[in-house]
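Heads up: the sequence lines are chains G and F, in that order.
Using my numbering, the letters of the first sequence map in sequence onto residues 2 to 278.
Using my numbering, the letters of the second sequence map in sequence onto residues 266 to 387.
With a cut-off of at most 30 angstroms between alpha-carbon atoms, the simulated DSS-like pairs for lysine-lysine come out as follows: (1) Lys-334(F) to Lys-110(G); (2) Lys-356(F) to Lys-65(G); (3) Lys-65(G) to Lys-347(F); (4) Lys-334(F) to Lys-9(G); (5) Lys-339(F) to Lys-110(G); (6) Lys-253(G) to Lys-334(F); (7) Lys-300(F) to Lys-339(F); (8) Lys-347(F) to Lys-357(F); (9) Lys-3(G) to Lys-95(G); (10) Lys-339(F) to Lys-18(G); (11) Lys-339(F) to Lys-12(G); (12) Lys-65(G) to Lys-339(F); (13) Lys-297(F) to Lys-357(F); (14) Lys-291(F) to Lys-65(G).
Keep in mind that the hints were calculated from the coordinates and are not lab data.
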Amino acid sequence: MKQEILEKLAKLQADLKDLRQQVTKLAGDRVSKAAPRQLADAIATRWVEDLRSPLEHKFQIPAKTIEEISAGMKRLHIVSRPNNRKKSYLDATKQLLHKFDDRLVLPIKQAAFDDAEDPDLQSVIPGLGDDAESEYLREAIDAANAGFVRAAIVLGWCAAIDRIQRKVLALGLGTFNKASQALKAQTSGKFKRWNKEFSVSTMSELQTVFDTDLIVVMEGMELIDGNQAARLEVCFQYRNHSAHPGEAPIGKPHLVAFFSDIAQIILRNPKLDLASS
Amino acid sequence: MQKTTVTEEQLRTVLTFEDDEVHFLKEPTPGKIAKGQTQWALLLALKSAITSNTFSVDPEAVRSICQEKGFYDKANFAKNFKQEATAKLFKKPLEPQGEPQALSSDGLTALGQLVKTLAGAS
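Using the sequences plus the hints, can you model the full thing?
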């Protein structure tokens, strides 16, 4: 969308300059020729139909700028009626072209994302939809494609935890319990301070295990390695920053990183494949 | 808004005011485009009342938000504003590229009802 909007703005600017030139060349002080009048009307129409809404709501161009440009476009629309004064056209085009790049083009160029880079998850992570065995993942993909980044991350994390829980269930809850006991028993190394031990016997009980603990026991079960566990903790942080109001940014780059990681570490991890249990 | 018996709590449920900007926490979700267009026009009047102390609506601001929120019917945008049920909500009819128009007393009543409905929606 970014590139498309930039192209539309470039065309708008070029047409405004063209209009100014056409009107300047006219003899007399009134504009009666159809061509400049139609061009003025077309420019104003293009603004309201194609440009204002995305600039105002998607790119968040300041309200003052939107109001100024919209007022200029309204004026252009009005002057496009027959036999208005050349000066009115020239005033309107002058106002609209004033700092055009600074007011409209620059903020778009500086906007963080281009739709070409926009995380259509299916293209960033090919085949992700194939993993959509859970409703969570389907909803996460829908949310991401609709631009709801935080919602997508929260749902994506649900999908990841759902897969982990089902894998643990498939391997046997006894295996999970034993792994937690073995970790607790360690007196040296990474888990020497780990003091939790689980004794879950149903899926419902497994669902009460904190996500961070689940990650630790997964590592103990050798379903993931230490680096993968650390990365999942980062993903969990993204999930928390998405679900809990705060200042930490969560944007499209985080979305891409998040889904790339959970796809590789969990959804596509052969050790977590449900069919191989 | 006091005339419409909308409470401060209902307003706080529907919108928030931050850094001189109004953000709607609840948004209209009617099934029909024309109704969405009217409801957004009413909400923009409310926004204008908060930021500029006047319940008025710029038709192009309505077009812009309707495009964004999926309530835009290009062919019927102007026509929808001319329908009697909608036209009576404003002191003068809203027209494309036209001047901002203030809400009529019917418009204020409709806005009050809309805010109450949105505030009550779960």
